[in-house]
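Enquirer: The chain contents come next:
There are 2 protein chains.
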Amino acid sequence: MCSEVERSQFLSVWALTGCWTEAGVKTRISVKGKVGLDSSLVVVRLTVLDSRVAHQHKQQTAAGGQSSAVRLLLICNGLIIPPGHKKSTACLYRKSGRRLSSFNRAFSEAAMAELDEVNEFFASAPPLRDHEAISAVVDDFLRPRLVLAITGGAEKPTPKMRIVCVTSGGTEVPLERQCVRFIDNFSSGHRGAASTEYFLRAGYGVIFLNRRNSTQPFCRALPEDPVLTCFEPVDDLGIQPRPRYASAVVNAVRKHYTAVQHGNLLTLPYTTLFEYLQILRIVASKLKKLERHAMFYMAAAVSDFYVPWNKMEEHKIQSGVGPLAMELAQVPKMLPILRKFWAPNAFCVSFKLETDVEILLKKAHAALIKNDMHAVVANELATRKQKVVIVTRAGETHVERTDVHQDVEAPLVSTLIDQQTSYIESSSSVSIDPSEITSLSRSLSRDASLKPLGGRQSSFKW
Amino acid sequence: MCSEVERSQFLSVWALTGCWTEAGVKTRISVKGKVGLDSSLVVVRLTVLDSRVAHQHKQQTAAGGQSSAVRLLLICNGLIIPPGHKKSTACLYRKSGRRLSSFNRAFSEAAMAELDEVNEFFASAPPLRDHEAISAVVDDFLRPRLVLAITGGAEKPTPKMRIVCVTSGGTEVPLERQCVRFIDNFSSGHRGAASTEYFLRAGYGVIFLNRRNSTQPFCRALPEDPVLTCFEPVDDLGIQPRPRYASAVVNAVRKHYTAVQHGNLLTLPYTTLFEYLQILRIVASKLKKLERHAMFYMAAAVSDFYVPWNKMEEHKIQSGVGPLAMELAQVPKMLPILRKFWAPNAFCVSFKLETDVEILLKKAHAALIKNDMHAVVANELATRKQKVVIVTRAGETHVERTDVHQDVEAPLVSTLIDQQTSYIESSSSVSIDPSEITSLSRSLSRDASLKPLGGRQSSFKW
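Line by line, the protein sequences give chains A and B.
Heads up: the first sequence begins at 21 in the numbering used here, then just goes up one per residue.
Heads up: the second sequence begins at 21 in the numbering used here, then just goes up one per residue.
Derived by calculation from the structure, the hints in this document are not laboratory data.
Bear in mind the structure is a predicted one, so any value in this text is a computation, not a measurement.
The beta-carbon is built from N, C-alpha and C at its ideal position, and this holds for glycine as well.
Worth double-checking, as some hints may not be accurate.
Here are some, though not all, of the chain A residues that point toward chain B, as calculated from beta-carbon distances under 8 Å [as the list claims (entries may be wrong)]:
(1) F202
(2) T375
(3) L388
(4) I389
(5) V424
Only pairs whose alpha carbons sit at most 30 Å apart, straight line, appear in this in silico DSS-like list of lysine-lysine [what the hints assert, rightly or not]:
(6) A:K331 - B:K405
(7) B:K390 - B:K407
(8) B:K382 - A:K331
(9) B:K331 - B:K308
(10) B:K360 - A:K405
(11) B:K331 - A:K331
(12) A:K407 - A:K383
(13) A:K383 - B:K275
(14) B:K382 - B:K331
(15) B:K382 - B:K407
(16) A:K382 - B:K331
(17) B:K275 - A:K275
(18) A:K180 - A:K331
(19) A:K180 - A:K407
(20) B:K407 - B:K353
(21) B:K390 - B:K360
(22) B:K383 - A:K331
(23) B:K383 - B:K308
(24) B:K382 - B:K405
(25) B:K360 - B:K382
Could you build all of it, start to finish, from the sequences and the hints given here?
Expert: Encoded structure:
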């Protein structure tokens, strides 16, 4: 139990990783882990970016401003601050001889290296503009289901306690800072929109994290340019739906409106890869409170490659000088981080899309293990609307629509919901502890007094 | 006069460049030019792709099936077919000693090299699916204004005779044949949509060649996801505009509907660079009949780089093997081809967008000369909605909106319309000759009996 509490506190600090100003001092907070032969050492590292004030900051950090359990694990500029240490010079602290099994599992050396890479990605990304607003709407959306999950914990779990985060659409990767050109991933958002409809029908709350202007739930039957195509003038001043589209457009508006009004659908749009991953991290950090009642359904086509912000051209790349050679870096893999750190108990479903059916299932099985997913949905570009294969540790489930009028998402979502129900029911050791959630919320809101930096490159809002 | 007629006939054959089957023989038609010290030689070259039937085809080509003026210029497999030649063996024909000044101007060696490069691009591009339908709607749209331009030729030219092709939005460049990833150019399509509204207001017919899902004319005031945002349920079964958006959405539907119904607005959507350029070529080949009454207003953000179809990966590029290195080829410059071959007398306006103001005007002046434009609109990414500079051979005209509620497109379009009027009025040597148009149409419809190949790579529909 002790390890679980410490882990939560560790995570609550970890959630603050990034760059901060506190009392006028610029600080980067990151995490670092090391596992020795006979000891576990997990630390939060503060790097004071402005070296002229490092000494002062060390004093301040050591003297207070963090909770004691967190201070226990602090490193300031390479030196670990021991618990309750009040002096102005820091000394090395090592939790030798104390083995914390949950730390060993979650924060192996390799995992911490992955995490460092991810933190580097976020630290160098352009800041998310609407961070505060997004956090607030996710909190509001989550609250009723969280209350239900806590108060109804003894009853049989129902979809009414659950929230799925459906990601949908492609991600844009800028090639220039003042972006004229970008790389994009093909995705109409059809899969995500259709799946959202079936999750809503089953009683789930859906956070629809979708590419701006991709297909919206209940709008799949609408044509291109729907306002201009579906409506026509009537009388001297008005408009009305054209008969041909009347049913589709009325359905779309009414069903979407109802889902939003009843608090069952929250739409969060993104454009770039940077926005997508930052919003995903916010959502995950909130949904983790729902433990196994949360699901991530990662249908977005997320770029594997990007140009790091600090290597990006400031201005438009000039043509007229022959062919253009580009080298793109790999985007750090976020799924293992989501599983290990962001929302460790959520039910996670990822997608594997390939155009070459020969390698599809092999890659889906590899992704299942590598990313520690609960299920990987394998789909081939050409047949993705007819059939998919759900790959789990128990084997492969072939899912196919029964006729051309059915969506393959109907049986797909239904099967995954059953799998999540089994996953929730199989849980014996982990259940939601209301007091833990309360203390975590309190600790997070206290930490919120830290103010993020304004600079574009060196910080992001979190 | 003779040279003008020959040139038209040459162009009518040139418009057929591509791959064809005629009487079961696969043939590639391309053009080739050479200017000697004392002679002009302009030829149409037929390459018989299936060498086993080359001899038979030479006979057939020489024996007929082309108009005599065209046959005059034919080369079959490197040998020029002389006029009226009826024998089965071809011999070299050279128009020595006859200098055709219009040929010298339009079809210099460098221009023909450019044209070869462009033809290569089109020959290797994936075929345009809706070619026939697009040709037909452009013909229908053009007809009333062409009649007006011909019958009202003696009167003062008015915008009612004119058509502007406004290109708008970015172009998608696939990185894989079964496209998962692509490179895109940032453009909301706002400039093109706004300009279209002002051209319509001035009486122009507008062919709006726009990126699918980019901003549409009269829709600039609509929010994202306009159907879901602008409408709400009413009564038990209906929907109505929300009060906040009622005026914007009613305006958009009614004004757009009116422009289309009155035959003043034709919308042609594209997605990829390949589609964009193929549709542009169709439109240009039709609009050239309007001579100086046609305008091209090239506001689309067209990619400078692409991956040639024959060098493209068949399947999705695999991640997980380190960084991705890509080499992109330069897209052949189409503006000089538009000016020289596609619609030589149309008034042409291109745009130069840069993020670096230092090089903007220099590049705009260079583009004016290099692409033989009538005007280049220079705009900087950050201030493009406030001000632009129109660069012409007469100098620079600074255009700025007078207040924040005005569109900079209002004075921009108005200035360009005045410049086109001067351009039309300054024309003394060139005017539309109805008989020439009729004969050209007849010749084109006769040539239409040629059937395009079905193959994806080796041909495109034209």
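Enquirer: Can you list which hints this structure breaks, lowest number first?
Expert: Checked against the structure, the hints that fail are numbers 3, 4, 5, 9, 10, 13, 14 and 18, while the rest are satisfied.
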